[in-house]
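Enquirer: What follows is each chain in one-letter form.
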Amino acid sequence: MLEIVVNIALLVIAIAMVCLIYRVIKGPTMPDRVIALDAIGINLVAIIALVSIMLKTSAFLDIILLVAILAFIGTVTFSKYLEKGVIVEHDRRNR
Amino acid sequence: MKTNDIILQACTKIVLFIIILFSVHMFFAGHYEPGGGFIGGLMTSGALVLLMLAFDMRTIKKILPIDYKILTAIGLLFAVGTAAGALFFNVPFLTHAFGHVDLPILGDTSLHTATLFDLGVYFVVIGVTMTIIQTIGEDGE
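Protein chains in written order, with this note's numbering: chain Y, 7 to 101; chain B, 3 to 143.
Hints were generated in silico from the structure; no laboratory data involved. Among these hints, one or two may not hold up.
Sample of chain Y residues with no beta-carbon within 10 angstroms of chain B, all distances over it, derived [stated by the list, open to error]:
id: 1; residue: 15
id: 2; residue: 22
id: 3; residue: 30
id: 4; residue: 83
id: 5; residue: 94
Taking beta-carbon pairs under 7 angstroms as the criterion, some of the chain B residues facing chain Y (in silico) [claimed, not checked]:
id: 6; residue: 21
id: 7; residue: 24
id: 8; residue: 36
id: 9; residue: 54
id: 10; residue: 59
id: 11; residue: 60
id: 12; residue: 78
id: 13; residue: 110
id: 14; residue: 139
DEER-style ranges, computed between Cβ atoms [to be verified]:
id: 15; chain 1: B; residue 1: 138; chain 2: Y; residue 2: 74; range: 23 to 31 angstroms
id: 16; chain 1: B; residue 1: 99; chain 2: Y; residue 2: 31; range: 49 to 57 angstroms
id: 17; chain 1: B; residue 1: 61; chain 2: Y; residue 2: 76; range: 18 to 26 angstroms
Heads up, the beta-carbon is just placed ideally off N, CA and C, and yes, glycines get one too.
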């Protein structure tokens, strides 16, 4: 029973990721693509969780937090580049 | 244009400690679980990169006055020192030792010298990553 539910959830998340990849390719502006990539990262977290349920292992639980942190840092970096044009500023007060 | 990203800065102040704790957990879990010095060092440098994004380079150099090239050298010294320490006990290079030690607070703790080697890897990964990012990211003004 649980395997069927996990398989259905994986299928639905995979379809959602395909739609997000469409938005990454097609997206008219750059913020659309950034938001789609962020959502792909979160969907990847869900897929890792479902796969670790399916394989009956707890070895991937660290990877979930890792992917979430990396998606956050990547999205913040892209957003700062889109807003300011620089990623790491030298001195914020004198600018 | 003066921007005010107080949400990013407030989030960073909280999330930074979670990432650093997670990286330390990854570092110490490396013997029995997935993890180790490499991924722990990468996560620590990820936390420092987040700090650089939210604040500026001058603030980071003020609160963390670390020369990352020296940190790389210290890490290599740890690795070579752990490997060469085996030579004093008449065993081959890179032989590690294992034993139970009675520590004052922690009690009976099993310690392994591979952790010191891993600490060297951790320092080298932090040093190299932060050197690359500082060198590329700074816009030379």
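Enquirer: For each hint, tell me whether it holds in the structure or not.
Expert: Verification of the supplied hints:
| no. | hint | verdict |
| --- | --- | --- |
| 1 | 15 | holds (24 angstroms) |
| 2 | 22 | holds (26 angstroms) |
| 3 | 30 | holds (22 angstroms) |
| 4 | 83 | violated (6 angstroms) |
| 5 | 94 | violated (3 angstroms) |
| 6 | 21 | holds (6 angstroms) |
| 7 | 24 | holds (6 angstroms) |
| 8 | 36 | holds (6 angstroms) |
| 9 | 54 | holds (5 angstroms) |
| 10 | 59 | holds (5 angstroms) |
| 11 | 60 | holds (5 angstroms) |
| 12 | 78 | violated (26 angstroms) |
| 13 | 110 | violated (27 angstroms) |
| 14 | 139 | holds (3 angstroms) |
| 15 | 138/B / 74/Y: 23 to 31 angstroms | holds (25 angstroms) |
| 16 | 99/B / 31/Y: 49 to 57 angstroms | holds (55 angstroms) |
| 17 | 61/B / 76/Y: 18 to 26 angstroms | holds (23 angstroms) |
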